[in-house]
Structures are given as C-alpha cells and as structure tokens.
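Q: Chain by chain, the residues:
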Amino acid sequence: MNKRVGQYTVTFQNPPEIMGSYCVTGPKEGQGPLNAYFDHIMPDTYNGEKTWEKTECAMMEMALTETIKKGKVTAEEVNYVLAGDLLNQISTSNYALRQIGRPYIGMFGACSTMALCTAMGAMLVDGGFANRVLCAASSHHDTAEHQFRMPTEHGNQRPLTGQWTVTGAGSLLLGAGAEAGIGAGAGAGTGSGGGSEPKIRVTSATLGKIVDFGQKDANHMGAAMAPAVAETLLAHFYDMGTSPEAYDLIISGDLGSVGLELMKKVLDKSGFHSLDTVQDCGCLIYHTHQDTHAGGSGCGCSAVVLCGYLLDRLRQKDLSKILFVGSGSLHSKESLLQGESIPGIGHAVVIESE
Amino acid sequence: MGTKSTLIKVTPQDYDKMNKEVQPKPKVLRNCVMALLVGGGICLGAQVLINLMFLGLTSGMESLDEASVLAKQKEAQTLGTVCMIFLGALLTGLGWYDILVSVGGAGGILPVTGFANAMVSPAMEYKHEGYVLGVGAKLFSVAGPVLLSGTIAAFLIGVLRFFF
Amino acid sequence: MPEGSIWFNLIPAFLIGGGLCVIAQLLMDLTKPSFTPAHVLVVFVVLGAVAGGLGWYEPLVKIAGAGATIPLTGFGYVMAKGALEGAQSGILGVLAGGMSAAAGGITAAILFSFVCAVSFKPKG
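Residue numbers (my numbering), protein chains in the order written: chain A, 1 to 354; chain B, 1001 to 1164; chain C, 2001 to 2124.
In case anyone wonders, no lab produced these hints; they're calculated from the structure.
Certain hints may be false.
With a cut-off of at most 20 Å between alpha-carbon atoms, the simulated PhoX-like pairs for lysine-lysine come out as follows [stated by the list, open to error]:
1) 2062/C x 50/A
2) 2062/C x 1074/B
3) 269/A x 1017/B
4) 216/A x 2032/C
5) 69/A x 199/A
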C-alpha cells in the first residue's frame, strides 16, 4: 500500500497511537479558560530557577519524564525523542534532553514545532523505524520576549495585533499499536489506564511548504502565518479529497484572533465556505480580559492545548476527528531588522479517537 | 518574498488589502489622553520636586540677587532631574515601570524616567551573562543610540556656530 | 522672588511635558510598528538638540521648567546648549561642550541604572 496520498500528504497504514501526554504551563495560562486541562501549573514564571531559560528547560524535562510515566513505559523503551523550542539553536530542548538519555532529534518549526514533531514521530513509528517516540515542544514568555523583542521590563505598548508567548511545555508519546509493534505487547494500553478509554491515533499528516506573502510585522505574526496555514489545509483537503466538514474540529496553532480571521478569509476565497469548525489554540488559551490582545503564541501554545485540552476531549469522545495544524513564523530578530519578511509555515496532522 | 505558486487563490496584493481591513485600529485618542496624563504627571511631579529643592536650597538665605537665584534654580533643576532618573531606575527594578508605560505609552517613554527604564531593563535581564558583556554592554542597548544621536547633533550644532 | 509664586510653573510643566508626550504617542500610533520606543527617544533627542541650537527651546524651558527639561528633548537641548557655549572657546570647546553639559545627568543615569540592574531581578 502506498502511504503517500496526493502531493503533500501521508496516511499511516498502522496509525500510531498516542499513549500518553503531559503538559505544564505558567501561572498566566493557569488563569486561562483551559486551566482544568493542564497537568501542572507553575506558581510563578521562575519556578525556583535562577533564569527563565533554566525554567523553560525544567518544564520540558518535566513534560518528557511525566509523559513517559503516563505512557506506562520505561525511558529505555523510547527509541527517539523529537523536540524543539523557540530559542537560538533550540537550546531549551538540547539542555532538557541531557537528563533523558535517549536518541534525540532536534526539530525547529517555530510555533509549529508540536505538529511537526507529531507528524515526523508518526512517520518514524509507522515506517517501522521506532516503536516508541516522544514528541515535545516548549516556549516561555520571558525567554521568547527578550530573544525576539525587548527586555521584559522595558516599557512599551503592545500593539493590538500582538500575541502573548505562552509559558508552557507539552509532550506526547507515540507508540506502534499492539497489532503492529516491533515486539510491542504489554505496555501498549492507553495513556491513563482504564480499558474503557478510546485509543487515540495519528492517522495522516500533511507537511507544509514555506509561504511568504511579504508580511514584516513581528507584532502581527498571525498575518504572516495565515496564508501558509491555509495553504497546508488546502493541500490536505485536495490530497485527501475531503473538506472542512469532515472534521469535528480544525484547529490552528497560534494565528491569534486577527490571524484566524485572515486565514478563514483566505480559505473562503479559495473555495471552502463552511468554516464554523475552524478554531485557533491561541484564541482558546487566554480570556480576553487577560490583556493578551490577539491571543497566545509560541511553541508552547499549540503544545499545551494539544497535549492538555484537545487530547482530553478526544479521550472523552467529545471529539472524534480533529485536524491539528501548527503554524510557524520562521524569522529571526536579525532577519527582520535587516528588512526581510516573515516566512510562514503550517504542518497538519489528523488525530482520531476510535 | 519568495513564494512559488500556491494553492490558495489569493495574491499577496489582495492579502495586503484583506490584512488592512481586519487590523484592529489603535485607540489613538485614548492613548493620547493617557500619554498627556502620565507624561504631564511625571513632569508635574518633577517640577514639584525641583520647587521643593529650590526652597530647601534657598531657605534661611536673606535677600538673593538675581544671579544667585538663577544659580540655585539650575542646581535645583539638576537635582530634580537626577531624582527622577533614580525613580525611573528604581521603578524598573521593582517591575512597575513597564506597567506604567503599558498604560501611559509615550507618556512613560519620553521623560528621563523612561530613559532610565531603557537602561536598567536590558542590563537587569542580561545580568546572568556577566558584568562585562551582560550588564555593561546591555546597559547601553537603548541608551547608546540616544547618546550617539545627542552627541552628534550637539557637535554639529556647535561646529555650525563655530564657523558661522 | 515672593514666596509661593514658584508654584505657578506647575500647570505649564504639566501641559508642555504632557504635550510633548502626546506628539510622541501620535508618532508611535500613526507610523509603522517598527517605530519603537528607542526610535522615539532618538528622534526627540535630535529634535531637542536642533530646537536648542536654533534658540527655540530656551523659552520653553523658561515657561515650563521640568515640562521641557524632563522629556528627552531636554537632554538634546542641554547638549546643544553646551556645544554652543563651548564653541565660543574654540573647536575643542565644541567637542567637550555637549558632553560636559550633560555629564551630571549621564553619570547619574549610568550609576543608578547599574545599581538597580545589579540589585533587582526582572519580574517578567
């Protein structure tokens, strides 16, 4: 059976199962509407560490180790760890993985990292190259802020299109189903035990290409990413012969309220009109009164919303088929100062509960 | 811009138009009122400080001639400015100045207190990168351009006066 | 100088100081988002220096006091004034004039900033 469908999409012959997930967030996210779905909420943005970089690192480490526990496997059973973050040289992941001791593949897709890791992890598992793969992504508001914008205590007025980088790390464990595992078997039950829980599987993935419509405003990244996300969605619909109605929920990573509106407009102009099920992680994670303006952003945004909220709703059978599309703006501070525009990207995975 | 043919049926030009339509408009009037109140308030506070210093400096002095009044005024003004710089730095350290600016906008940025904020905030945040390349270098990340432009402008003005 | 009259400068200080901030706010709101607070400070220092050099800023300082000296235009004005005074004693005076006029403020800013940066931890 050919696993490639159309130009951009792959479908999985033995769809990898999400065996467990864990997410940790900062205090601001803990006051947001999704707080009940987060596994751990830190009391403050330092959480006892000396620098925010160390805190972010500790968050990712926590997400990874707890996911291993929730997946009821041992660290030695994990064949690969795919992880990424926003900092230079994806340093958070590099440092966090010191303590994990498993083969590590660093991934960079900016805010789309969680979707990218999940897609690649699923390919590794379904391809038979791995039995258990950990996928993780993290971001921290304050480390991102001083890397990409200004020091946090520097006074400025954030524009209304600005988004708030989420402090959080999310991780999920992909495993070959019992029927297909390479000598799997015993540990292949669902994450939180309980035989009644449905199995959640990654069934297909569409990796996006870079789309750059010349947007240059780092305080309006939703606009830079929206065409790329729409492009990936169209590629997915065309390849699979589906339309938005085929999914209970189509959820983008961190377009924010303005970016989401733009993305819907682009889809509408491209021939898809029923977009009621289209949502955005960045719009869900904060209350409007939390003064984040257009919503949340960062690798951690889609990571915690997926690993907390979305997977929980899939487990509860509240949702049965979602199209999760991570959105990334792949610029650097230097490239923008030199007058370059922002290259956007979108990566989509379909996650279903049985 | 470097995008090959796309599946989406929108051109970058159309997209720019759509983007302009959905952009939320900044509340310019509200921002200006807040800038007036906060900026004006900071200047008013500074003036109160300067006046008090002037009264302190001249207290107990009998008849002052105009020259010494001017000298005392200048002294009070410098002292008041120094106090404001200190307050700006202190409020930044306490983590309050960025909140003031998020409300008052340019009203918090333009006064010397904002200049102090622009010096303290990067220095404080990059402290863990050492005293030389962290604190020392980052202290001037915003102050540097300000000193540069002020120095060059003043020099050019002085040169013009010297030759003409 | 009669006691109490010095307090009459409070209202001009508020209005002129606030007015300069409003101009800066308009610059920020109505231009591109890449016009950051750092750009505001640089533009206003240069404006202050030019206005000082042309002799326009002096009257404003007389009327508004802190309203004219506390905004960063005042910093540019002080430097320009120093350079103009220095020019009377030769080209070396031009070199030294600007900086020496602002030396007190600059030193205070560096000193306090260093102390605060070292003593506090950023809150985020």
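Q: Please write out, lowest number first, the hints stated earlier that are contradicted by the structure.
A: Number 1 - this is the single hint that the structure violates.
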